[in-house]
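Going down the list, the sequences are from chains E and D. Sequential numbering of the first sequence, starting at 519, is according to this note's numbering. Sequential numbering of the second sequence, starting at 519, is according to this note's numbering.
These are calculated hints, taken from the structure and not from any lab test. The beta-carbon is built from N, C-alpha and C at its ideal position, and this holds for glycine as well. Errors might be hidden in some of the hints.
[What the hints assert, rightly or not] When the alpha-carbon atoms are kept at most 30 Å apart in a straight line, the in silico DSS-like pairs for lysine-lysine are as follows:
#1 K860(E) / K821(D)
#2 K583(D) / K632(D)
#3 K583(D) / K594(D)
#4 K821(D) / K594(E)
#5 K821(D) / K524(E)
#6 K694(E) / K524(E)
#7 K710(D) / K524(E)
#8 K821(D) / K860(D)
#9 K694(D) / K663(E)
#10 K821(E) / K860(E)
#11 K860(D) / K632(D)
#12 K524(D) / K524(E)
#13 K710(E) / K694(D)
#14 K599(D) / K821(E)
#15 K755(D) / K771(D)
#16 K663(D) / K599(D)
#17 K632(E) / K821(D)
#18 K755(D) / K524(E)
#19 K524(D) / K694(E)
#20 K632(E) / K594(E)
#21 K594(E) / K583(E)
#22 K524(E) / K694(D)
#23 K694(D) / K599(D)
#24 K632(D) / K771(D)
#25 K821(E) / K694(E)
#26 K694(D) / K821(E)
#27 K599(E) / K524(E)
#28 K524(D) / K755(E)
#29 K694(E) / K694(D)
#30 K663(D) / K821(E)
#31 K663(D) / K524(E)
#32 K594(E) / K821(E)
#33 K583(E) / K599(E)
#34 K583(D) / K599(D)
[To be verified] Computed footprint of chain D on chain E; a stretch qualifies when at least three of its residues, placed anywhere within it, have a C-beta under 8 Å from a C-beta of chain D:
#35 527-533
#36 605-616
#37 679-691
#38 708-722
#39 735-747
#40 792-802
Number of protein chains: 2
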Amino acid sequence: MPELRKDPVVGRWVIIASERGKRPSSFTSVARTQEARMCPFCPGNESATPPEVMAYRRPDSEPNKPGWRLRVFPNKFPALKIEGSLNREPEGIYDRMNGIGAHEVIVETPDHGKDIVDMSIDEVRDILWAYRERLIDLERDRRFKYIMIFKNHGEEAGASLEHSHSQLIATPIVPKRIVEKIAGARRYFDFKERCIFCDIIRQEIRDAERLVSDHDAFIAFEPFASRFPFETHIFPKTHQSSFLEMSDFEYGKLAACLKDVLTRLYLALNDPPFNFVLHTRPVIRDHHEHFHWHIEVIPKLTKMAGFEWGSGFFINPTAPEEAASYLRALDVERFPEIRSQKVMSG
Amino acid sequence: MPELRKDPVVGRWVIIASERGKRPSSFTSVARTQEARMCPFCPGNESATPPEVMAYRRPDSEPNKPGWRLRVFPNKFPALKIEGSLNREPEGIYDRMNGIGAHEVIVETPDHGKDIVDMSIDEVRDILWAYRERLIDLERDRRFKYIMIFKNHGEEAGASLEHSHSQLIATPIVPKRIVEKIAGARRYFDFKERCIFCDIIRQEIRDAERLVSDHDAFIAFEPFASRFPFETHIFPKTHQSSFLEMSDFEYGKLAACLKDVLTRLYLALNDPPFNFVLHTRPVIRDHHEHFHWHIEVIPKLTKMAGFEWGSGFFINPTAPEEAASYLRALDVERFPEIRSQKVMSG
Numbered sequence: 519m520p521e522l523r524k525d526p527v528v529g530r531w532v533i534i535a536s537e538r539g540k541r542p543s544s545f546t547s548v549a550r551t552q553e554a555r556m557c558p559f560c561p562g563n564e565s566a567t568p569p570e571v572m573a574y575r576r577p578d579s580e581p582n583k584p585g586w587r588l589r590v591f592p593n594k595f596p597a598l599k600i601e602g603s604l605n606r607e608p609e610g611i612y613d614r615m616n617g618i619g620a621h622e623v624i625v626e627t628p629d630h631g632k633d634i635v636d637m638s639i640d641e642v643r644d645i646l647w648a649y650r651e652r653l654i655d656l657e658r659d660r661r662f663k664y665i666m667i668f669k670n671h672g673e674e675a676g677a678s679l680e681h682s683h684s685q686l687i688a689t690p691i692v693p694k695r696i697v698e699k700i701a702g703a704r705r706y707f708d709f710k711e712r713c714i715f716c717d718i719i720r721q722e723i724r725d726a727e728r729l730v731s732d733h734d735a736f737i738a739f740e741p742f743a744s745r746f747p748f749e750t751h752i753f754p755k756t757h758q759s760s761f762l763e764m765s766d767f768e769y770g771k772l773a774a775c776l777k778d779v780l781t782r783l784y785l786a787l788n789d790p791p792f793n794f795v796l797h798t799r800p801v802i803r804d805h806h807e808h809f810h811w812h813i814e815v816i817p818k819l820t821k822m823a824g825f826e827w828g829s830g831f832f833i834n835p836t837a838p839e840e841a842a843s844y845l846r847a848l849d850v851e852r853f854p855e856i857r858s859q860k861v862m863s864g
Numbered sequence: 519m520p521e522l523r524k525d526p527v528v529g530r531w532v533i534i535a536s537e538r539g540k541r542p543s544s545f546t547s548v549a550r551t552q553e554a555r556m557c558p559f560c561p562g563n564e565s566a567t568p569p570e571v572m573a574y575r576r577p578d579s580e581p582n583k584p585g586w587r588l589r590v591f592p593n594k595f596p597a598l599k600i601e602g603s604l605n606r607e608p609e610g611i612y613d614r615m616n617g618i619g620a621h622e623v624i625v626e627t628p629d630h631g632k633d634i635v636d637m638s639i640d641e642v643r644d645i646l647w648a649y650r651e652r653l654i655d656l657e658r659d660r661r662f663k664y665i666m667i668f669k670n671h672g673e674e675a676g677a678s679l680e681h682s683h684s685q686l687i688a689t690p691i692v693p694k695r696i697v698e699k700i701a702g703a704r705r706y707f708d709f710k711e712r713c714i715f716c717d718i719i720r721q722e723i724r725d726a727e728r729l730v731s732d733h734d735a736f737i738a739f740e741p742f743a744s745r746f747p748f749e750t751h752i753f754p755k756t757h758q759s760s761f762l763e764m765s766d767f768e769y770g771k772l773a774a775c776l777k778d779v780l781t782r783l784y785l786a787l788n789d790p791p792f793n794f795v796l797h798t799r800p801v802i803r804d805h806h807e808h809f810h811w812h813i814e815v816i817p818k819l820t821k822m823a824g825f826e827w828g829s830g831f832f833i834n835p836t837a838p839e840e841a842a843s844y845l846r847a848l849d850v851e852r853f854p855e856i857r858s859q860k861v862m863s864g
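From just these sequences and the hints, can you work out the full model?
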């Protein structure tokens with residue numbers, strides 16, 4: 519059983535998941551064993567994954583058989599487990615909790631070679647629809663305080679399988695980074711009676727120098743205090759605290775904006791490893807006014823070193839204004855041609 | 519000029535150091551250009567570095583010439599710059615500050631092939647002495663609120679040159695991670711009237727299952743909520759808020775403890791990339807009672823992925839008790855033999 523442990527000084531939680539099976543000796547061999555040819559996320563290999571919790575599939579197809587265009591199932595090696603009741607206990611000065619949670623995989627396409635940048639807007643919207651469905655379902659489970667949806671693309675960004683997929687982890691506590699964002703936003707709201715994110719969006723639109731993409735109801739920009747080169751955030755322009763507040767129409771618009779951002783990063787950085795993560799409000803619905811959901815996209819281009827770990831400072835070698843101007847200037851129309859050359863030569 | 523920028527929501531500072539010269543195109547080539555053969559940290563190449571601010575050298579040798587056994591100079595590509603006065607200004611909702619600070623390099627040995635694990639206790643103590651001298655000197659500069667000393671070993675841990683060295687960055691603000699530790703420790707002190715770190719040390723000695731090394735005045739253990747496999751912290755057993763409170767005698771004892779820890783990690787993980795970072799109290803001396811200095815040693819074995827970035831949670835695949843038991847059982851006497859085999863075959 520995985521276990522949650524709390525740092526007694528800073529209150530940070532850590533998931534100790536020894537069952538994932540890293541013995542000391544497993545870190546010492548530098549060479550990764552070559553991945554088996556069989557991709558467990560490809561159609562026909564459904565039996566290699568746990569049974570699906572949902573799928574978008576042809577009406578004439580059966581669960582856990584081919585015929586799907588998107589498929590969601592529990593992670594085979596979950597960081598947290600769904601079974602059991604929450605149990606918190608002290609150990610002297612320390613706190614531990616059993617590792618209850620949900621950990622799911624969203625396979626975004628049956629096509630092994632396809633990434634989000636290759637998909638139609640409708641296909642990208644299907645992914646966002648699936649996020650929505652899973653959020654609605656898991657928010658009913660009283661044990662979960664937060665549901666985090668994220669994507670790792672490329673080995674350097676932590677993806678262990680290359681077939682395009684996202685993941686979801688539901689946790690029995692609100693993660694520290696969300697708590698910090700909510701606390702900061704609440705302080706601002708208490709002072710100004712305005713949402714800090716709405717004010718940031720207003721300033722970014724006015725200044726325009728950090729804008730990457732202005733897409734109807736959505737805006738993408740490089741944050742003023744970007745931690746990483748080409749870090750890009752996507753926000754709904756109007757105030758929404760939850761990803762679930764979008765209208766049906768808006769999911770399509772967000773799909774177009776997300777695809778545009780990922781395409782620009784692909785062109786600028788030659789298919790970089792990246793993470794994206796959805797920051798929506800916690801399950802408890804009391805952050806309406808001061809929290810504003812968004813997506814953080816982080817290309818993985820730099821390494822964390824001692825100073826960053828020790829201080830919590832980040833050293834970013836690329837000014838966000840410079841990155842934004844570069845991303846804006848790209849000709850996204852040229853993407854299909856560049857992509858097909860890369861796929862052919864790769 | 520580098521610039522400090524503050525995230526308006528969570529209050530995290532970022533150093534935007536565009537002068538370090540990463541253009542968008544510089545991220546796209548995957549292959550690193552082979553490092554030139556000339557090591558700027560080797561004796562004879564002193565002119566390749568900025569002039570030294572201190573050195574331990576033979577009495578008959580001249581500054582910036584060979585004859586040193588340890589040498590400190592400003593970083594040639596500093597994240598923060600020493601010249602200028604502090605200047606804080608708003609930009610709409612945002613805050614920026616010019617990037618005043620100090621960034622120094624401590625070359626730990628003239629011998630290009632030598633790491634801390636190969637040094638005598640006296641040589642390691644010299645490194646700690648140098649930290650002490652630089653801390654004392656830089657704490658006099660009123661512009662600096664914190665001085666962070668750290669080491670990156672191995673390319674994966676962010677070391678750009680392999681010749682053994684540490685670094686120091688003095689910042690005009692107390693870093694977020696230090697602020698969080700102090701705040702957590704103060705909360706505990708207000709409640710218990712005891713130092714939380716003293717209580718942790720007491721419990722670790724009693725439980726013994728996470729101990730790595732119990733070395734006279736110092737103790738090394740795997741933290742209860744270790745973020746990373748084989749993360750190891752070193753503490754003075756008696757209460758000291760600053761690294762500068764050690765007696766002369768204790769620097770030698772700390773040297774032995776640090777060398778022992780690094781040797782065990784070397785043996786367990788086959789010379790892993792690692793960072794270590796010194797957490798001492800801020801320059802302002804008002805954290806006597808509740809802060810307790812220590813060193814965090816972090817082997818770089820796992821990757822941060824979307825969930826970690828997005829949540830602030832860490833997923834650690836190795837229980838600290840397991841790592842500690844493995845590290846304790848190692849026969850450090852065998853190190854010289856194993857090391858010489860590796861050096862010969864490498």
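Cross-check of the supplied hints:
A hinted pair counts as satisfied when its Cα atoms are at most 30 Å apart, and K860(E) with K821(D) qualifies at roughly 27 Å. Distance check on the hinted pair: K583(D) and K632(D) sit about 20 Å apart at the alpha-carbon level, within 30 Å; holds. This hinted pair checks out: K583(D) and K594(D) have alpha carbons roughly 18 Å apart, not beyond 30 Å. Taken as a hint, the K821(D) and K594(E) pair is honoured in the structure, with Cα atoms around 19 Å apart against an allowance of 30 Å.
At most 30 Å may separate the alpha-carbon atoms for a hinted pair to count; K821(D) and K524(E) meet this at roughly 21 Å. At roughly 11 Å between alpha-carbon atoms, K694(E) and K524(E) fall within 30 Å of each other, so this suggested pair holds. For the proposed pair K710(D) and K524(E), the alpha carbon gap of about 19 Å is at most 30 Å, so the pair holds. Proximity of K821(D) to K860(D) is assessed by CA-CA distance (about 26 Å); at most 30 Å being required, the pair is judged to hold.
Taking the CA atoms of K694(D) and K663(E), the gap is about 25 Å. The hint holds against a cut of 30 Å. This hinted pair checks out: K821(E) and K860(E) have alpha carbons roughly 26 Å apart, not beyond 30 Å. For the proposed pair K860(D) and K632(D), the alpha carbon gap of about 13 Å is at most 30 Å, so the pair holds. Between the alpha carbons of K524(D) and K524(E) the distance comes to roughly 27 Å, so the proposed pair stays at or under 30 Å and holds.
Among the hinted pairs, K710(E) with K694(D) is consistent with the structure: their alpha-carbon atoms are about 24 Å apart, no more than 30 Å. Restraint check for K599(D) and K821(E): satisfied, since their Cα atoms lie roughly 22 Å apart, inside the 30 Å limit. A hinted pair counts as satisfied when its Cα atoms are at most 30 Å apart, and K755(D) with K771(D) qualifies at roughly 12 Å. Of the supplied pair hints, the one linking K663(D) and K599(D) holds, its CA atoms being roughly 15 Å apart against a limit of 30 Å.
Restraint check for K632(E) and K821(D): the C-alpha separation of about 24 Å stays at or below 30 Å, so the hint holds. Taking the CA atoms of K755(D) and K524(E), the gap is about 22 Å. The hint holds against a cut of 30 Å. Taking the CA atoms of K524(D) and K694(E), the gap is near 19 Å; set against the 30 Å cutoff, the hint holds. About 22 Å separates the Cα atoms of K632(E) and K594(E), which keeps this hinted pair within 30 Å; it holds.
With a CA separation close to 18 Å, the supplied pair K594(E) and K583(E) stays within the 30 Å bound. Restraint check for K524(E) and K694(D): satisfied, since their Cα atoms lie roughly 19 Å apart, inside the 30 Å limit. Of the pairs offered as hints, the one joining K694(D) and K599(D) holds, with about 20 Å between alpha carbons and a cut-off of 30 Å not exceeded. A hinted pair counts as satisfied when its Cα atoms are at most 30 Å apart, and K632(D) with K771(D) qualifies at roughly 21 Å.
Distance restraint check for K821(E) and K694(E): the Cα-Cα separation of roughly 22 Å lies within the 30 Å cut-off, and the hinted pair is therefore satisfied. Under the criterion of a C-alpha separation no larger than 30 Å, the hint pairing K694(D) with K821(E) is consistent with the structure, at around 19 Å. Distance check on the hinted pair: K599(E) and K524(E) sit about 18 Å apart at the alpha-carbon level, within 30 Å; holds. Restraint check: the Cα-Cα separation between K524(D) and K755(E) comes to about 22 Å, which is no more than 30 Å; the hinted pair holds.
A hinted pair counts as satisfied when its Cα atoms are at most 30 Å apart, and K694(E) with K694(D) qualifies at roughly 13 Å. Pair hint K663(D) plus K821(E) holds up; C-alpha atoms about 25 Å apart against a cutoff of 30 Å. In summary, the hint linking K663(D) to K524(E) is supported, as the alpha carbons are separated by about 29 Å, within the 30 Å threshold. The suggested pairing of K594(E) with K821(E) holds, with an alpha-carbon distance near 29 Å, which does not exceed 30 Å.
Proximity of K583(E) to K599(E) is assessed by CA-CA distance (about 25 Å); at most 30 Å being required, the pair is judged to hold. Between K583(D) and K599(D), the direct Cα distance comes to roughly 25 Å. Compliance with the 30 Å bound is thereby established for this hinted pair. With 7 residues having a beta carbon nearer than 8 Å to a beta carbon of chain D, the stretch 527-533 of chain E meets the requirement of three or more and the stated coverage holds. For the stretch 605-616 of chain E, the assignment as covered by chain D holds, since 4 residues bring a beta-carbon within under 8 Å of that chain's beta-carbons and 3 suffice.
For a cut-off of 8 Å, the count of residues in the stretch 679-691 of chain E with a CB near a CB of chain D stands at 3, and the three-residue condition holds. For the stretch 708-722 of chain E, the stated coverage by chain D holds: 5 residues have a C-beta nearer than 8 Å to a C-beta of that chain, and at least 3 were required. Only when three residues or more bring their CB closer than 8 Å to a CB of chain D does the claim for the stretch 735-747 of chain E stand; here the count is 6, and the claim holds. Restraint check on the stretch 792-802 of chain E versus chain D: 5 residues with Cβ-Cβ distances below 8 Å, three needed, restraint holds.
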